[in-house]
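2 protein chains.
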Amino acid sequence: MEKKASIVFIGAGKLAHHLAPALYRQGYPVVGVWSRTLEHAQDLAQRLGKSTKATNDWSQIPTAEIYFYAVTDTVLPELGARALAPQAIHLHTAGSMGLEVLVHKPNRGVFYPFQSFSEGGETDFEKVPILLESDSESVLQTMQSLAHSLSQQVFVASQSERQRLHLAGVLANNFVNALYQMAEQECQKAGLPFEILLPLIEQTAHKLHTLTPKQAQTGPAIRHDHEVMQRHEQLLQDEPLTQQIYTLFSQYIENHET
Amino acid sequence: MEKKASIVFIGAGKLAHHLAPALYRQGYPVVGVWSRTLEHAQDLAQRLGKSTKATNDWSQIPTAEIYFYAVTDTVLPELGARALAPQAIHLHTAGSMGLEVLVHKPNRGVFYPFQSFSEGGETDFEKVPILLESDSESVLQTMQSLAHSLSQQVFVASQSERQRLHLAGVLANNFVNALYQMAEQECQKAGLPFEILLPLIEQTAHKLHTLTPKQAQTGPAIRHDHEVMQRHEQLLQDEPLTQQIYTLFSQYIENHET
Chain S
1 MEKKASIVFI GAGKLAHHLA PALYRQGYPV VGVWSRTLEH AQDLAQRLGK
51 STKATNDWSQ IPTAEIYFYA VTDTVLPELG ARALAPQAIH LHTAGSMGLE
101 VLVHKPNRGV FYPFQSFSEG GETDFEKVPI LLESDSESVL QTMQSLAHSL
151 SQQVFVASQS ERQRLHLAGV LANNFVNALY QMAEQECQKA GLPFEILLPL
201 IEQTAHKLHT LTPKQAQTGP AIRHDHEVMQ RHEQLLQDEP LTQQIYTLFS
251 QYIENHET
Chain X
1 MEKKASIVFI GAGKLAHHLA PALYRQGYPV VGVWSRTLEH AQDLAQRLGK
51 STKATNDWSQ IPTAEIYFYA VTDTVLPELG ARALAPQAIH LHTAGSMGLE
101 VLVHKPNRGV FYPFQSFSEG GETDFEKVPI LLESDSESVL QTMQSLAHSL
151 SQQVFVASQS ERQRLHLAGV LANNFVNALY QMAEQECQKA GLPFEILLPL
201 IEQTAHKLHT LTPKQAQTGP AIRHDHEVMQ RHEQLLQDEP LTQQIYTLFS
251 QYIENHET
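Sequence lines, in order, name chains S and X.
The numbers in my numbering rise by one with no breaks, and the one at position 245 of the first sequence is 245.
The numbers in my numbering rise by one with no breaks, and the one at position 17 of the second sequence is 17.
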């Protein structure tokens, strides 16, 4: 068995709390955790074996083969520009940012797990898509082997491709969630519990395993049932924003029928 | 054990193909199936025991205690007005229609399973919400016992409440599905497979079991991250309808933050 590369985590937030233990479980020695807040570094380090060093002192970061910058977009530029082991591999996890934030680090890459992580719990990375980018072929190979040890879904994607994927995620997650909120509001007006919609919501998501969204479409707009659509718009007269959204969606569905 | 009421199905479409066998499995004798197309009636009848009569002749519909009108909204008014066993119980399954379409039938009700049914397969009704309405207390009791024998989620709801629930369903199913379609389009532009979004999509639906949609919200709009929102709107410049929808959703999420 090949020796697994040693790793240091810069940052001890949500993503680091899921990613570092997952790599540790795959046999990667995580030798250090740096965080601006010592307690956060210690919290994470104690989940990674006895010899993992926790520090909030940049000069005390241990030597490693790979440095993971698992920090927010806002602090990454500052931390990525700090001097640190110039010959090591430096990877950041911020999907929307490019390689260039890792300044004066020739062996650099982006290692972007495409999932939203919440506090606590463990993540099974097996089905989490991981997107990779590097300007070095050998770094890309190291990242491929790291990523494949965690996930079955590994892709190489440029910054602009990741940004478009992020947009797709906003549509399919944040905006879907906003529709759930609008639907909840209508249930409340009807005196019915929101839970009544859960089987339909699960069915809608589940259908995507066998049908394309277009094939799965049903409802008044695809049937061009303007009587029902007008009645619904009427019902939304006290919710002008939802009403406008209703009209645009009906238009979209009618336009994209075939 | 009380004797279960005998049932006839008027209509042999998708809903009847799911509902009639489910009632039959619960011990209700389904004694007849009428359909305009004899083959459809026969197809369904053969799944309901040996003595079930299939017919396309209205005058040959067997006597029963309960008649289920499981037909589309467009033909229900015509069939509901036809003369048939005036003293029996008559129930229709069309959520958007009122009791009055069952003409000259004093013992009438609406029995509306809130789910979309596809061709083939069996439906486990246990988690399918069923909405009931009647202007007769004794019919309502009979419907309650029928509905509870199938499902754990039984509600009494008026026509206007059902119509609002239908609107909620369009938001949470058809429009969600349209967002999936827009997201698929963006994945294609990035050269990435749509499947990359499936874990996120399932997570979004799954969160509703523990969080309200508002609590579950994440993303650029809730963070008021206008830089990212503007970049996304830029990426959608070739999709004016999706771009407008993006803007309205961001507005909705920012407005409904607290």
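Treat the hints with care, as some may be off.
Just so you know, same-sequence chains aren't split out, so a pair can sit in one copy or run between any two.
Claimed, not checked - The calculated EDC-like cross-link candidates involving lysine to aspartate or glutamate, where the alpha carbons are at most 16 Å apart (straight line), are:
{"hint": "1", "residue 1": "K127", "residue 2": "E202"}
{"hint": "2", "residue 1": "K14", "residue 2": "D73"}
{"hint": "3", "residue 1": "K127", "residue 2": "E78"}
{"hint": "4", "residue 1": "K214", "residue 2": "E184"}
{"hint": "5", "residue 1": "K14", "residue 2": "E39"}
{"hint": "6", "residue 1": "K50", "residue 2": "E233"}
{"hint": "7", "residue 1": "K189", "residue 2": "E65"}
{"hint": "8", "residue 1": "K50", "residue 2": "E254"}
{"hint": "9", "residue 1": "K207", "residue 2": "E119"}
{"hint": "10", "residue 1": "K214", "residue 2": "E257"}
{"hint": "11", "residue 1": "K214", "residue 2": "D43"}
{"hint": "12", "residue 1": "K189", "residue 2": "D124"}
{"hint": "13", "residue 1": "K214", "residue 2": "E195"}
{"hint": "14", "residue 1": "K53", "residue 2": "E78"}
{"hint": "15", "residue 1": "K53", "residue 2": "E100"}
{"hint": "16", "residue 1": "K50", "residue 2": "E202"}
{"hint": "17", "residue 1": "K207", "residue 2": "D238"}
{"hint": "18", "residue 1": "K14", "residue 2": "E122"}
{"hint": "19", "residue 1": "K14", "residue 2": "E137"}
{"hint": "20", "residue 1": "K127", "residue 2": "E195"}
{"hint": "21", "residue 1": "K53", "residue 2": "D124"}
{"hint": "22", "residue 1": "K189", "residue 2": "E233"}
{"hint": "23", "residue 1": "K53", "residue 2": "E239"}
{"hint": "24", "residue 1": "K207", "residue 2": "E195"}
{"hint": "25", "residue 1": "K207", "residue 2": "E184"}
I should point out that these hints are in silico values taken from the structure, not numbers from a laboratory.
Copy assignment of K189 with D124, given that the CA separation must stay at most 16 Å: Neither way: K189 and D124 sit 39 Å apart in one copy and 28 Å across, limit 16 Å.
Can you give me the call for K53 and E239, within, between, both or neither, at a CA distance of at most 16 Å? Result: close neither inside a copy nor across copies, 54 Å intra and 50 Å inter.
Within a copy, between copies, both or neither: where do K14 and E39 come within 16 Å Cα-Cα? Classified as within: same-chain Cα gap 14 Å, cross-chain 59 Å, threshold 16 Å.
Taking 16 Å as the upper bound on the Cα-Cα distance, should K214 and E195 be classified as within, between, both, or neither? between (26 Å within a copy, 15 Å between copies)
Intra- versus inter-subunit Cα pairing at 16 Å for K207 with E184: Only across copies: K207 and E184 sit 14 Å apart there, 22 Å inside one copy, limit 16 Å.
As a check of your reading, is K207 near E195 (CA-CA no more than 16 Å) within one copy, between copies, both or neither? between (19 Å within a copy, 12 Å between copies)
Within a copy, between copies, both or neither: where do K50 and E233 come within 16 Å Cα-Cα? neither (62 Å within a copy, 48 Å between copies)
Evaluate K53 and D124 at a C-alpha cut-off of 16 Å and name the case that applies: within, between, both or neither. neither (25 Å within a copy, 54 Å between copies)
As a check of your reading, is K214 near D43 (CA-CA no more than 16 Å) within one copy, between copies, both or neither? Neither way: K214 and D43 sit 46 Å apart in one copy and 30 Å across, limit 16 Å.
Pop the pair K207 and D238 into one bin, within, between, both or neither, using alpha-carbon distances up to 16 Å. The answer is neither: 33 Å in one copy and 28 Å across copies each exceed 16 Å.
Can you tell me if K50 and E254 fall within 16 Å by alpha carbon in one copy, between copies, both or neither? neither (60 Å within a copy, 45 Å between copies)
At most 16 Å between CA atoms: does that hold for K214 and E184 within a copy, between copies, both, or neither? Cα proximity of K214 and E184: across copies only (10 Å, versus 25 Å in one copy).
Hint check: violations occur at hints 3, 6, 7, 8, 11, 12, 14, 15, 16, 17, 19, 21, 23; the rest are consistent with the structure.
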